[in-house]
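Visitor: Letter by letter, the chains look like this.
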Amino acid sequence: MGNPPLLPEVAEADAAGEVAAVYEEIRATLGIPFVGLIYRNLAVEPGRLASAWGQLQPFFADPATWRVAARLHWQEGDTPPLPAVAELTSLGLDERFFDRAVATLDAYDRANRLNLLGLTALLRPRGWDDSADGGAGSCCCRNLGPPRRAAAAAGGRRAAGG
Amino acid sequence: MSQALLPAEEPILVPSLLRHLALPGLLDSLWPALRPAIAAGFVAAAAEDLRGQAAAAPIPARCSMTPIDDPVIRQTAGRFLIATSTMVVAGSLLGTVLRTCQRSGA
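Residue numbers (this note's numbering), protein chains in the order written: chain H, 1 to 162; chain F, 163 to 268.
Check before you lean on any hint, since a few could be wrong.
Stretch by stretch, here's where chain F covers chain H in the computed footprint (C-beta under 8 Å, at least three residues) [unchecked claim]:
#1 8 to 22
#2 42 to 56
#3 100 to 111
Away from chain F, derived, C-beta distances all over 10 Å, residues of chain H [as the list claims (entries may be wrong)]:
#4 E25
#5 R27
#6 A28
#7 G31
#8 S90
Calculated from the structure, these hints are not laboratory results. Even glycine gets a Cβ: it sits at the ideal position worked out from N, Cα and C.
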């Protein structure tokens with residue numbers, strides 16, 4: 001018996017046309033040097049990536065989304081103690097490696113938090129009234145105009161570079 | 163690692179974060195640090211907590227989004243909602259371990 005199949009994807013190196021353009025927008029909007037697997041998977045069937053990204057891009061371009069993403073947290077006190085990793089010393093990893101690895105994890109943390117909010121928004125049921133659920137799920141719809149996309153996009157990129 | 167972190171489902175979803183760290187010996191070395199937190203249910207519980215916060219968060223831009231009807235996108239988004247929240251927690255724990263090693267000059 002062979003290995004179970006991996007989720008299909010369009011690798012960044014193989015992207016062309018519309019998919020390559022959306023990938024570039026994803027990197028720019030989320031401020032990361034890579035495209036997450038969910039987008040690479042959605043790109044397998046024509047039109048799906050563009051359809052989902054068309055909804056998500058303005059959402060991610062809003063600085064308020066970034067602020068909420070940064071505030072997602074869990075109780076640090078609940079974190080179990082992490083065993084020491086003595087084996088790393090034998091791998092010959094230098095300071096530059098750790099700097100790069102930590103920077104990579106920070107980029108993933110930022111992207112995963114945003115994607116968590118974006119996917120939650122995409123999946124909310126049609127007809128769900130955000131403003132009428134007693135606060136849970138509120139999106140502050142009232143008294144808001146249309147999304148301020150240009151300003152929001154600039155704010156998002158600034159946040160991404162920080 | 164991805165099979166321990168995420169629900170069993172095919173095709174297999176290997177998070178990009180793990181692929182990025184898939185250097186010779188590195189994940190093997192990091193795995194013992196992460197495994198107890200997974201086994202104790204901490205990672206799954208914290209990820210569920212994050213999903214709850216995400217659903218309750220006040221986000222103005224959500225109002226301008228049209229919920230997706232495409233069943234394939236919804237299924238994919240649902241699967242990645244679990245994966246993404248899990249990897250926020252797992253990535254944070256891995257970051258803690260790597261920062262500790264970084265400080266200690268490992």
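Visitor: Please check whether the region 8 to 22 of chain H has three or more residues whose CB lies within less than 8 Å of a CB on chain F.
Guide: Not satisfied, violated; 1 residues make the cut.
Visitor: In terms of Cβ atoms, is chain F entirely out of 10 Å range of H/A28?
Guide: 17 Å, holds
Visitor: Taking a Cβ-to-Cβ distance below 8 Å as contact, does the region 42 to 56 of chain H have at least three residues touching chain F?
Guide: Three-residue rule met by the region 42 to 56 of chain H, so holds; n is 7.
Visitor: Minimum C-beta separation from H/S90 to chain F exceeding 10 Å: can you confirm that?
Guide: Its Cβ does come within 10 Å of chain F, the nearest being 8 Å, so this is violated.
Visitor: Checking a non-interface call: every C-beta of chain F should be farther than 10 Å from the C-beta of H/E25. Is that right?
Guide: 16 Å, holds
Visitor: With a cut-off of 8 Å between beta carbons, are at least three residues of the region 100 to 111 of chain H near chain F?
Guide: holds (count 7)
Visitor: Can we confirm that no CB of chain F comes within 10 Å of the CB of H/R27?
Guide: 13 Å, holds
Visitor: With 10 Å as the threshold, tell me whether H/G31 passes as away from chain F on beta-carbon distances.
Guide: 16 Å, holds
Checked against the numbered hints listed earlier, the structure breaks hints 1, 8; every other hint is satisfied.
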